Amino acid sequence: MGGFLAFVLSRATGVSAFAILEAGYLFLSLIGLALVYAFVMRELAGNPDRSRYRLLFLLSLPLGLAGARLIPIVQDAFIAGRLTWGLVTHGGLVFYGGGLAVLGAMYLGCRLSKLPPWPLLDAVCLYAPLGHAFGRLGCFFGGCCFGAPTECLVGVRFPAASPAFLQHRSLGLLPQGAVASLPVHPSQLYETLGNLALFALLALLAKGQRPLPPARLTAYYLLGYAALRFTLEFWRGDAIRGIYWGLSLSQYVALAVVLATAVAALSLREKT
Amino acid sequence: MKRALIVATSLCLLLAGSLFAFARTAPGESYAAFADAASGATCCECASCGCLGAKCSCLECGGK
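In the order they appear, the protein sequences are chains W and H. Following the UniProt record's numbering, the numbering of the first sequence begins with 1 at its first residue and continues without gaps. Following the UniProt record's numbering, the numbering of the second sequence begins with 1 at its first residue and continues without gaps.
FYI, nobody ran anything at the bench for these hints, they're computed from the structure. In this text the structure is predicted, and so the values were computed from the model without any measurement. No residue lacks a Cβ here, since even glycine has one placed at the ideal position from N, Cα and C. Errors might be hidden in some of the hints.
[Stated by the list, open to error] Label pairs and their calculated CB-CB ranges:
hint: 1; chain 1: W; residue 1: Ala45; chain 2: H; residue 2: Leu11; range: 20 to 28 angstroms
hint: 2; chain 1: H; residue 1: Met1; chain 2: W; residue 2: Pro48; range: 14 to 22 angstroms
hint: 3; chain 1: H; residue 1: Arg3; chain 2: W; residue 2: Leu26; range: 25 to 33 angstroms
hint: 4; chain 1: W; residue 1: Leu266; chain 2: H; residue 2: Ser18; range: 38 to 46 angstroms
hint: 5; chain 1: H; residue 1: Ser18; chain 2: W; residue 2: Pro214; range: 38 to 46 angstroms
hint: 6; chain 1: H; residue 1: Ala32; chain 2: W; residue 2: Ala260; range: 44 to 52 angstroms
[To be verified] From the structure, some residues in chain H lie toward chain W, with a derived Cβ separation under 8 angstroms:
hint: 7; residue: Met1
hint: 8; residue: Ala8
hint: 9; residue: Thr9
hint: 10; residue: Cys12
hint: 11; residue: Leu15
hint: 12; residue: Leu19
hint: 13; residue: Phe20
hint: 14; residue: Ala21
hint: 15; residue: Ala23
hint: 16; residue: Arg24
hint: 17; residue: Tyr31
hint: 18; residue: Ala32
Okay, chain W solo, but in the shape it has when bound (with noise of 0.2 angstroms):
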């Protein structure tokens, strides 16, 4: 959608309208970054091991971006049959992969360091929902992670050259001439809201009249944003993100997590 935008204002501006698109989806993609960093540096205000916890936050930070390309890389290399330079350097981000790797990296870093790593978790677990549903409007923006076609009232064309335009023309969906995707759903306006839903949710719980114990709102962040995955999947429509057995691989990642976090928890217990 953000290509339709970014070609009236190149039109408007003499910018290149590829150049707006990326800046676009670049942009609120790091506003919902921005915003998760300022909320949480504000929830640390009055920790006396802040500085030290900011520092982990921003180290961690290359390693998500890490994180988030294995997915996309191991799943090119397995089509490919080969890994290859290009297939490291060239694609896109997984957010599954992105989010679990900075919440890892920052475990082991609280860990190595000899600081608590649930006030930084916690913290983190309770404002990404909120930085995610813009991240999720950056999608949007550039048209990737859409929806499976539908008929309904919320359905919406993508324009030429956009990834459900080009998908629906390979498979021979659109007719000769067609200037737009077939309607499908705004999976990724889906995701904004279930995010937004999702934060009031663990918000509600953080603020409540009694504290919650340490991860606890990592445990609920984690088994919160798994439903909701597991449950919005059903109406992407994007092939790329991969399909095996009748489930995507963020659905696979979600039921995981499920598992892991249930897991850790018992044993927390366990040991409390």
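Dock chain H against the given chain W, drawing on the hints supplied.
Showing chain H alone in chain W's frame:
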């Protein structure tokens, strides 16, 4: 803090609504004009295949 959160959430909802409204109300001739402009571009210049990856990760790009 609470005010900042309300502003951020409202902004997100406003942006979501604006983008959805733009997608729903754009006239067909605009799509046609965009398709004309986009027809000269390659798949890899225009497509995005994953979140934040504005350039295509399809094998014709990545395999090179």
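Structure-based check of each hint:
no.: 1; hint: W:Ala45 - H:Leu11: 20 to 28 angstroms; verdict: holds (23 angstroms)
no.: 2; hint: H:Met1 - W:Pro48: 14 to 22 angstroms; verdict: holds (20 angstroms)
no.: 3; hint: H:Arg3 - W:Leu26: 25 to 33 angstroms; verdict: holds (27 angstroms)
no.: 4; hint: W:Leu266 - H:Ser18: 38 to 46 angstroms; verdict: holds (45 angstroms)
no.: 5; hint: H:Ser18 - W:Pro214: 38 to 46 angstroms; verdict: holds (39 angstroms)
no.: 6; hint: H:Ala32 - W:Ala260: 44 to 52 angstroms; verdict: holds (49 angstroms)
no.: 7; hint: Met1; verdict: holds (6 angstroms)
no.: 8; hint: Ala8; verdict: holds (6 angstroms)
no.: 9; hint: Thr9; verdict: holds (6 angstroms)
no.: 10; hint: Cys12; verdict: holds (5 angstroms)
no.: 11; hint: Leu15; verdict: holds (5 angstroms)
no.: 12; hint: Leu19; verdict: holds (6 angstroms)
no.: 13; hint: Phe20; verdict: holds (6 angstroms)
no.: 14; hint: Ala21; verdict: violated (10 angstroms)
no.: 15; hint: Ala23; verdict: holds (4 angstroms)
no.: 16; hint: Arg24; verdict: holds (6 angstroms)
no.: 17; hint: Tyr31; verdict: holds (4 angstroms)
no.: 18; hint: Ala32; verdict: holds (5 angstroms)
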